[in-house]
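Visitor: Residue strings, one per chain:
Protein chains: 2
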Amino acid sequence: MAPTLEKVSSNKHYQGTLTKYKFRSAALGDLDAQFNLFLPANAAQGKVPVLVYLAGLTCTEDNGAQKGGFVRDASAEGIAILFPDTSPRGANIEGEDVDWDFGSGAGFYLNATSPKWSKHYNMLDHVTQELPQVIEAAGIPIDFSRQSIFGHSMGGHGALTLYLTSLISGVKQYRSCSAFSPICEPSAVPWGTKAFAGYLAGGVDEGKENHDASVLVGRVKGGVNVLIDYGTADNFLFQLHPEVFLKAARDAGHDEVQVRVRSQEGYDHSYYFISTFASDHVHFHANFLKA
Amino acid sequence: MAPTLEKVSSNKHYQGTLTKYKFRSAALGDLDAQFNLFLPANAAQGKVPVLVYLAGLTCTEDNGAQKGGFVRDASAEGIAILFPDTSPRGANIEGEDVDWDFGSGAGFYLNATSPKWSKHYNMLDHVTQELPQVIEAAGIPIDFSRQSIFGHSMGGHGALTLYLTSLISGVKQYRSCSAFSPICEPSAVPWGTKAFAGYLAGGVDEGKENHDASVLVGRVKGGVNVLIDYGTADNFLFQLHPEVFLKAARDAGHDEVQVRVRSQEGYDHSYYFISTFASDHVHFHANFLKA
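Those protein sequences? They're chains Y and A, same order as listed.
Numbering follows our numbering, in which position 229 of the first sequence is assigned residue number 229; successive positions increment by one, without gaps.
Each number in our numbering corresponds to the 1-based position in the second sequence with 291 added.
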């Protein structure tokens, strides 16, 4: 039986509704989980497509909803946006709240295999399986067969890896993927290696094999729809490696129509950068979600 | 001599730049004051008009910049936006940090006349005099002869009273004024009477005489350009009294072209409401700023 969704808050926003929900998450080991969901006004007339936004380190389900600048165009296009949290909360695992780039606020959108973390840190299942099931079971008018995904930084890593993994497995859960300043090669940078070493029984090797976008993109048979933006003034560029992902994509035969990686002069890692290109990303996805 | 502006941070945003500045404020009794300033890209070619955004209770210079949704259209129109703070900070006045609706974060955009507060709580001078002087002295390319003002809640009260006062005095500092869910009759509601009783030597009577938009609008000779939006689901409607302002404006002969008060079905007091109508407000002001 699906868990009950509790409405935490609800705000009318761009003619639709932004609602924060809470429920008891099985995927996260029986912890309360929250998410925001924007439903456009046209959802009253029937099911709408959905765009999943994965936020970055230290964020919650609120950052994208409040600062992303996505909803104006999503409303105009008649597309819902689902904003999950970035990790389980309150798992009470030793060390969970010590660092800002590991544990709480830093779930990395994988299923942990290290025994210490594997009961709770399963954001991959939470985002790809549990949230769609819980939302459908609640009768909320979203058509999850028309789903795309995007994200920022750690959430860009999540968007890329969840998208590519679902293509490789043949599930094709998402029609398109985009990212702002994503961690493109986590197995080779400090944020990613720390996460993989901590969450995965097989450490960085397991992460490189299963959760590294620059590796996964080489395994996709068939076309992909990927848009990436990053800023040239991003202080965290050394954590991102967009050029590695781009080379891996080109080497795998994905051309500039399938994979666009745009370098944006002078922009940084902040939501001021994200919101500037928010409209581009929403319309990119709308092309596929409404096709 | 004008104080030195220190750059706290700077982010490229919608082709322009959002910069946070700090300086030693004389108007606020020799305290550090911060503000955000968005400069559109076209400021590189010459001075640009400016829209001043006054935020509400508990806010800082960041809320409007991060959540308002104003910059996309301001950038397209080539208009700067100035985001002041909502009160002095760190004045160390007894009682300053006790309540969320008085003292820090609640300066009410007036000059205090009560001896306890009058050294520091002078947000009216800070916004109307000091910030333009400091910004001009720093050589930042803003044309303060093309200035308009808007705000939210307490900041809507500020926008209306600063605009109307400058019209009554003949200074005509602002070309147009708009507000989201403004406190329209502060001398008759809890937020306003608490502020007036505290900051003003003459208490609520002095506030009603000098700082109440529903009184001031009756004293303006000539035309006004005012747009107000409020939501019908606003839990704070009892603090706002938009209908009182509307009646006072009509009684004073200001027709629906001069004063538009729009009731927005189902919207509340939040930035989700503000951002929904942000574009309307920026374009309303652009009509006057670029005339």
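Wrong hints could be hidden among the right ones.
[What the hints assert, rightly or not] Label pairs and their in silico Cβ distance ranges:
{"hint": "1", "chain 1": "Y", "residue 1": "Q45", "chain 2": "A", "residue 2": "K538", "range": "37 to 43 angstroms"}
{"hint": "2", "chain 1": "Y", "residue 1": "D125", "chain 2": "A", "residue 2": "D434", "range": "52 to 58 angstroms"}
{"hint": "3", "chain 1": "Y", "residue 1": "F144", "chain 2": "A", "residue 2": "D434", "range": "48 to 54 angstroms"}
{"hint": "4", "chain 1": "Y", "residue 1": "D30", "chain 2": "A", "residue 2": "D496", "range": "17 to 23 angstroms"}
{"hint": "5", "chain 1": "A", "residue 1": "S300", "chain 2": "Y", "residue 2": "S114", "range": "34 to 40 angstroms"}
{"hint": "6", "chain 1": "Y", "residue 1": "D125", "chain 2": "A", "residue 2": "K538", "range": "53 to 59 angstroms"}
{"hint": "7", "chain 1": "Y", "residue 1": "S10", "chain 2": "A", "residue 2": "E500", "range": "37 to 43 angstroms"}
{"hint": "8", "chain 1": "Y", "residue 1": "K119", "chain 2": "A", "residue 2": "N578", "range": "31 to 37 angstroms"}
{"hint": "9", "chain 1": "Y", "residue 1": "G95", "chain 2": "A", "residue 2": "D390", "range": "50 to 56 angstroms"}
Hints were generated in silico from the structure; no laboratory data involved.
Idealized CB from N, CA, C, for every residue including glycine.
Visitor: Taking each numbered hint in turn, which are not upheld by the structure, reported in ascending numerical order?
Guide: Those not satisfied are hints 4, 8 and 9.
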